[in-house]
Amino acid sequence: TGFAPGQWSWAKLNLSSGAAATLPLTTTGLITMGLWMREDGLQLDRVLLTTDTNYIPTGFGPAESSRIATQTTLSTTITRTIVYTYDDLYRLTNANYSTGELFAYTYDPAGNRKTQTTLAGTNVYTYDAANRLTEVDGVTYGWDNNGNLLSDGQRTFTYDSANRLTSVVNAGVNTQYTYNGDGDRLAQIVAGVTTKYALDPTGLAQVLIETTSGQSTHYLPGLAEYDTAWAYYLPDRLGNLRQLANNTGQVALAQSYDPFGNLLEQTGSGQSIFGYTGEQIDPTGLVFLRARYYNPLTPPGTSRRCCPIHRG
Numbered sequence: 001t002g003f004a005p006g007q008w009s010w011a012k013l014n015l016s017s018g019a020a021a022t023l024p025l026t027t028t029g030l031i032t033m034g035l036w037m038r039e040d041g042l043q044l045d046r047v048l049l050t051t052d053t054n055y056i057p058t059g060f061g062p063a064e065s066s067r068i069a070t071q072t073t074l075s076t077t078i079t080r081t082i083v084y085t086y087d088d089l090y091r092l093t094n095a096n097y098s099t100g101e102l103f104a105y106t107y108d109p110a111g112n113r114k115t116q117t118t119l120a121g122t123n124v125y126t127y128d129a130a131n132r133l134t135e136v137d138g139v140t141y142g143w144d145n146n147g148n149l150l151s152d153g154q155r156t157f158t159y160d161s162a163n164r165l166t167s168v169v170n171a172g173v174n175t176q177y178t179y180n181g182d183g184d185r186l187a188q189i190v191a192g193v194t195t196k197y198a199l200d201p202t203g204l205a206q207v208l209i210e211t212t213s214g215q216s217t218h219y220l221p222g223l224a225e226y227d228t229a230w231a232y233y234l235p236d237r238l239g240n241l242r243q244l245a246n247n248t249g250q251v252a253l254a255q256s257y258d259p260f261g262n263l264l265e266q267t268g269s270g271q272s273i274f275g276y277t278g279e280q281i282d283p284t285g286l287v288f289l290r291a292r293y294y295n296p297l298t299p300p301g302t303s304r305r306c307c308p309i310h311r312g
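In the numbering used here, the protein residues as written are 1 to 312.
I should point out that these hints are in silico values taken from the structure, not numbers from a laboratory.
Treat each hint with caution, since some may be false.
Estimated spans, in silico, between C-beta atoms of each pair [as the list claims (entries may be wrong)]:
1. A171 - A129: 27 to 37 Å
2. N146 - D88: 17 to 27 Å
3. D182 - D128: 25 to 35 Å
4. G278 - N180: 15 to 25 Å
5. E135 - L208: 34 to 44 Å
6. E135 - L223: 35 to 45 Å
None of the values given here were measured: they were computed from a predicted structure.
Note that the Cβ used here is the ideal one computed from N, Cα and C, for glycine as well.
Make a model of the complete structure from these sequences and hints.
Written out as structure tokens, the structure is:
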């Protein structure tokens with residue numbers, strides 16, 4: 001039998017020459033099984049089963065050069081193949097999408113991103129002697145003496161004495177955060193509405209329950225429960241949330257990203273607090289990485305590349 005007793009069954013497994021297999025079903029449709037092996041080729045690393053050709057990802061692997069990789073992704077509306085190119089220091093220099101989007105990057109001798117070129121034009125980045133981003137296309141970034149970002153032309157940031165982000169004001173909306181003594185985030189307050197988190201504290205803290213206005217959402221790895229109905233998170237190999245399936249197996253949300261986590265496409269009426277790399281997306285537009293915050297619009301390349309907010 002398959003995953004749902006009494007619904008699916010098959011007689012045998014037919015392996016193709018690649019890392020995928022199809023299982024003949026007694027009902028209409030196919031299940032695809034993807035297999036990933038550890039580097040030694042002796043131990044199975046991951047098994048991925050899909051029942052819908054719109055599921056993502058469909059493939060990921062090296063191309064002709066060790067500095068070129070390809071990734072094919074599917075959503076409910078579009079299929080795209082992305083070709084990534086890297087320089088001799090393995091910094092991303094190009095990402096070309098089969099759907100027409102393109103991203104090109106150049107770097108200074110310190111490894112800071114100098115430019116980003118897209119179909120919309122070229123962005124130019126300026127840094128100070130401490131490799132802190134100071135300007136993007138005329139927009140000024142401000143920092144305090146502890147290396148915390150104070151402003152980015154859109155938002156202003158406030159910190160406590162432990163350099164933890166406590167407040168973000170964005171378009172007049174104030175988002176506040178509270179933490180425990182270990183630095184784990186316990187609550188988020190947006191325009192006066194509080195969301196509290198119950199955490200699994202082992203390792204990097206994982207959200208198990210979030211409660212807002214008396215309504216609770218429960219999370220398990222790969223699952224989330226909304227109003228007693230379970231939803232299923234479908235990630236790619238980086239951990240990005242690509243799709244959210246409801247308890248009937250229908251795709252309720254599909255989304256894709258640029259190389260550094262900005263949304264390119266989002267369809268469906270489903271909602272999720274998780275997104276890029278599987279982490280929480282705050283109303284401020286920041287990605288909460290638990291130890292720190294990440295701004296997808298901020299270029300990588302320095303010690304503050306991921307998180308110009310809190311150096312946790």
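Outcome of range test on Cβ distance (E135, L223; 35 to 45 Å): holds, 43 Å
CB-CB spacing for D88 and N146 relative to the 17 to 27 Å hint: violated, 35 Å
The hint says 27 to 37 Å between A171 and A129; measuring C-beta to C-beta, is that right? holds, 32 Å
Can you let me know if the beta-carbon spacing of G278 and N180 is within 15 to 25 Å? holds, 22 Å
Using the beta carbons of D182 and D128, state whether their distance is inside 25 to 35 Å or not. holds, 32 Å
Satisfaction of the hinted span 34 to 44 Å by the C-beta atoms belonging to E135 and L208: Taking Cβ atoms as reference, E135 and L208 lie about 41 Å apart, which means the hint holds.
The structure shown violates just one earlier hint, number 2.
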